[in-house]
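J.: One-letter residues, chain by chain:
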Amino acid sequence: MNSIVKLFESQESFRLLFDLSYDPILIFKNFQFIDCNPATLTLLGYSSKDEFQEELETILSPEYQPDGERSLDKAKKMMKNAYERGYHRFEWMHLNKEGESLYLDVTLTKIPFHNKNFLFAIWRDISKQKEYENNLTKSEELYSLLFDQAADGILVGVGKGEIIDANKSICDLTGYNKHELIGNNINGLFTKNELKDNPLRYDLIKVGNTIIKERNIVCKDGRLIPVEMNTKILEDGRMQALFRDLSARKAAEKALVESEEKYRNVFNYAPLGILHYDQYGVITDCNQNLVNIIGSSKEQLVGLHMIEDLNNNELIKKVEQSLKEGKAVFEDWYTSVTGEKTTFVKGVFKCIYDENHHFISGIGLIEDITKRKKAELAMIESEQKYRLLFENASDAIMLMNEDVFIDCNEKTLELFGCSKKEIIGQTPYKFSPEKQPDGKKSKEKAREKIKEAIQDKPKIFEWVHQKADGKNFYTEVSLNIFDLHKKKTVQAIVRDISERKEFEQRIYETIIETEERERQRLASDIHDEIGPLLSSLKVYIESLNPKGEEAKQIYIKTKLQELIKETVDNVREVSNAISPYILNKYGLEAAIKSFIQKTENVISIRFKSNVKDKRFPLKTEIVYFRIIKELLNNTLKHARAKNIDVNLQYSNGELQLCYKDDGIGLDKKHLSSAKAQGMGLFNIINRVNSIQGDYKFYENFNGFKFTLMAKAEKEEDKKS
Amino acid sequence: MVILIVDDNKQFIEAFKFLLQENFADRVEEIFEASNGAECLDILKRDAIDIVFMDLEMPVMNGIETTRKIIDLYRNIKVVAVSFHSELEDVKKMLEAGARNYIIKEELSPEAIERSFSKL
Numbered sequence: 065m066n067s068i069v070k071l072f073e074s075q076e077s078f079r080l081l082f083d084l085s086y087d088p089i090l091i092f093k094n095f096q097f098i099d100c101n102p103a104t105l106t107l108l109g110y111s112s113k114d115e116f117q118e119e120l121e122t123i124l125s126p127e128y129q130p131d132g133e134r135s136l137d138k139a140k141k142m143m144k145n146a147y148e149r150g151y152h153r154f155e156w157m158h159l160n161k162e163g164e165s166l167y168l169d170v171t172l173t174k175i176p177f178h179n180k181n182f183l184f185a186i187w188r189d190i191s192k193q194k195e196y197e198n199n200l201t202k203s204e205e206l207y208s209l210l211f212d213q214a215a216d217g218i219l220v221g222v223g224k225g226e227i228i229d230a231n232k233s234i235c236d237l238t239g240y241n242k243h244e245l246i247g248n249n250i251n252g253l254f255t256k257n258e259l260k261d262n263p264l265r266y267d268l269i270k271v272g273n274t275i276i277k278e279r280n281i282v283c284k285d286g287r288l289i290p291v292e293m294n295t296k297i298l299e300d301g302r303m304q305a306l307f308r309d310l311s312a313r314k315a316a317e318k319a320l321v322e323s324e325e326k327y328r329n330v331f332n333y334a335p336l337g338i339l340h341y342d343q344y345g346v347i348t349d350c351n352q353n354l355v356n357i358i359g360s361s362k363e364q365l366v367g368l369h370m371i372e373d374l375n376n377n378e379l380i381k382k383v384e385q386s387l388k389e390g391k392a393v394f395e396d397w398y399t400s401v402t403g404e405k406t407t408f409v410k411g412v413f414k415c416i417y418d419e420n421h422h423f424i425s426g427i428g429l430i431e432d433i434t435k436r437k438k439a440e441l442a443m444i445e446s447e448q449k450y451r452l453l454f455e456n457a458s459d460a461i462m463l464m465n466e467d468v469f470i471d472c473n474e475k476t477l478e479l480f481g482c483s484k485k486e487i488i489g490q491t492p493y494k495f496s497p498e499k500q501p502d503g504k505k506s507k508e509k510a511r512e513k514i515k516e517a518i519q520d521k522p523k524i525f526e527w528v529h530q531k532a533d534g535k536n537f538y539t540e541v542s543l544n545i546f547d548l549h550k551k552k553t554v555q556a557i558v559r560d561i562s563e564r565k566e567f568e569q570r571i572y573e574t575i576i577e578t579e580e581r582e583r584q585r586l587a588s589d590i591h592d593e594i595g596p597l598l599s600s601l602k603v604y605i606e607s608l609n610p611k612g613e614e615a616k617q618i619y620i621k622t623k624l625q626e627l628i629k630e631t632v633d634n635v636r637e638v639s640n641a642i643s644p645y646i647l648n649k650y651g652l653e654a655a656i657k658s659f660i661q662k663t664e665n666v667i668s669i670r671f672k673s674n675v676k677d678k679r680f681p682l683k684t685e686i687v688y689f690r691i692i693k694e695l696l697n698n699t700l701k702h703a704r705a706k707n708i709d710v711n712l713q714y715s716n717g718e719l720q721l722c723y724k725d726d727g728i729g730l731d732k733k734h735l736s737s738a739k740a741q742g743m744g745l746f747n748i749i750n751r752v753n754s755i756q757g758d759y760k761f762y763e764n765f766n767g768f769k770f771t772l773m774a775k776a777e778k779e780e781d782k783k784s
Numbered sequence: 014m015v016i017l018i019v020d021d022n023k024q025f026i027e028a029f030k031f032l033l034q035e036n037f038a039d040r041v042e043e044i045f046e047a048s049n050g051a052e053c054l055d056i057l058k059r060d061a062i063d064i065v066f067m068d069l070e071m072p073v074m075n076g077i078e079t080t081r082k083i084i085d086l087y088r089n090i091k092v093v094a095v096s097f098h099s100e101l102e103d104v105k106k107m108l109e110a111g112a113r114n115y116i117i118k119e120e121l122s123p124e125a126i127e128r129s130f131s132k133l
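Going down the list, the sequences are from chains A and B. Using my numbering, read the first sequence as starting at 65 and increasing by one per residue. Using my numbering, read the second sequence as starting at 14 and increasing by one per residue.
No wet-lab data here; the hints were simulated from the structure. Cβ atoms here follow ideal geometry from the backbone N, Cα and C, with glycine treated the same way.
Partial chain B-side listing against chain A, Cβ under 7 Å, derived:
no., residue
1, Asn22
2, Gln24
3, Phe25
4, Ala28
5, Leu32
6, Glu35
7, Phe97
8, Lys118
9, Glu119
10, Leu121
Examples of chain A residues toward chain B, derived with CB under 7 Å:
no., residue
11, Gly595
12, Pro596
13, Leu597
14, Ser600
15, Val603
16, Ser607
17, Leu627
In the DSS-like style, the derived pairs of lysine-lysine whose C-alpha atoms are separated by at most 30 Å in a straight line are:
no., chain 1, residue 1, chain 2, residue 2
18, A, Lys224, A, Lys284
19, A, Lys602, B, Lys30
20, A, Lys242, A, Lys202
21, A, Lys629, B, Lys30
22, A, Lys602, B, Lys132
23, B, Lys23, A, Lys662
24, A, Lys621, B, Lys30
25, B, Lys23, A, Lys611
26, A, Lys256, A, Lys270
27, A, Lys693, B, Lys23
28, A, Lys623, B, Lys30
29, B, Lys106, A, Lys602
30, A, Lys565, A, Lys769
31, A, Lys161, A, Lys141
32, A, Lys318, A, Lys256
33, A, Lys602, B, Lys23
34, A, Lys438, A, Lys550
35, A, Lys611, B, Lys30
36, B, Lys105, A, Lys602
37, A, Lys649, A, Lys775
38, B, Lys23, A, Lys701
39, A, Lys616, B, Lys30
40, A, Lys621, B, Lys23
From just these sequences and the hints, can you work out the full model?
T.: This is the structure in structure tokens:
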């Protein structure tokens, strides 16, 4: 009985243990489910053992376990293992009534009972643990991802800076790969000086301080990179250092500093006056140049309310416009309110806004263009003056592009006898005869002259032009080249020299006539004077007869002597006429005196001279002598004068002659009249021109007056 | 014969006169002289002249004009042109004006005078 009781008690104890166990307990026999405790049903969500048993075959486990093995196969394998080894523990995935996965830690224990082997399964729900493990894995993956993908370089270290992990960014930053960094000390990333000046404060880090510091790290290639290093200790005692590359920020900072510096320089040293103003138009700052331009002081300018304090309505309007529309330009004379200085200014007023279009500042750039404006006004005035000169010039002025007329003045129209329309667009050879006096074609020669002028230097030459009516006339043309609107422009000044040419022609003819007359006179002198004398000599000589009457022979000899003397005298006179003997031998003063002596009994001549026996170039002496002779002849022949004054003075290398008589005088028209030609005035002018002298015939003089002045370097001076 | 020598050169007139007096004294009755054409015409008005020895180039009135006038006024007076060789062109004009003969001054000689007398 006792044994039965004990058995019963034992069974009862087991039952209690079985039913009250917190862990699910299941009993299998030969792989078959026998029984389970209430904790099993609670875990799986079944209300009764029967319900559980109905579902048991189908849905207790998913078809596959997490390792991919079929649940049925694996369950048999696990049980077999337990039967063989007596004990087996493993993890298993079940499904509850709702089909939700349950992670279980399963312990199978073989229990032999009545020669039969029972399997005793104890489950422990490890779903929560599994979930935690999964989450942990995911978290680690995420951390790893963040670690590697972080934009900042990250080093994880222990102890005194021994690196145990490094992310991709730090590798990219330093140029080292992960394996080169891990296992080394972080000190290797810094220069000795860096470590000396800014040591790594592990002491502070380890007590929980986060240290943020700008440092330079040494890259694998030796470059130094500025970084911001953020170091702190992690919960697990490891140290984490974040490295943020500051190169771009540093460069930007540098650029900003430079930009500010540049602006500051522009502000201070720009040739412009610069001012800043606020949204109300009040000046907040200005540079020295503005002070100079306005003629005020910075103190007076800063704080000036441009809209309220200025007295120039136009400028006020422009400031307001700039505040309203963003930009305005002012250009006019401006008299400063504070400085009372008047300048011609150009001001650009511009407002600066941020990206949200909020007003930041107004900037005014003020330029003093007084000088430019004055120059412009002067230029306009100069142009007007030039136009006035151009239009009123006494010479024709024509402007050409190459050989085409582009402009001409009034005188041109008068000279050529045509309208401006007929000239503009035409060529110079359209207003010339086909050929020039030298036989060259006008067209070719004109082009040649223009080409020469363009290449070389100003050209002056004579040219025969043709008026619109076909009449030819002599001109003197001066070609000059200048740049007009970046184009080479030819300026032709055309002077009508017809009168001068005519005068020259008459002088030229007079020279020929005079020379011819002189030759005729000399021929006539020889012919009329010496010829008959020689013929007479011949008559007497032929009459000589040694046997003849003595008295007759004496008479003939006397006649012969007379004739020979007269012939010699005549020869001397003719010779003197050709080239004055006294002039050649004794000089100008002696020659004039000698000549005057011969006429003294006819008229009173006063001759004054300081020349004495000084000698001048032969040509000069001859010209002065001939002119005085000519003037004396004129006075004697035409003037009906009583007195003549001849004054010859030499000083400073110049020989001055003043000739006067108290006769009937000479008026201007005589100069160009035939009478003047007859009087030898052309002769005189021509002789003066031959020594480049200056002469003057005095009009309205009481009598006749003529002066002549010419360079006359003395022979002895020349020698010395 | 009454002769008139017209020449503006006194020396030449004297030489001419000397030659006539020396060589033709038998034929020459009297010799007059004039220094230009105008004087010549004055003498012709006053005196009866047979032969005029006329120079070509003279002041006041030249030989050609004087000859023309003599021929017009006095048909019987003979004119002989006296000239230099270089004036032969003018001598033609003298002959056209009425001169009967001519003498070249350079060749003045008794023979030349004789030749001119013989042609009268």
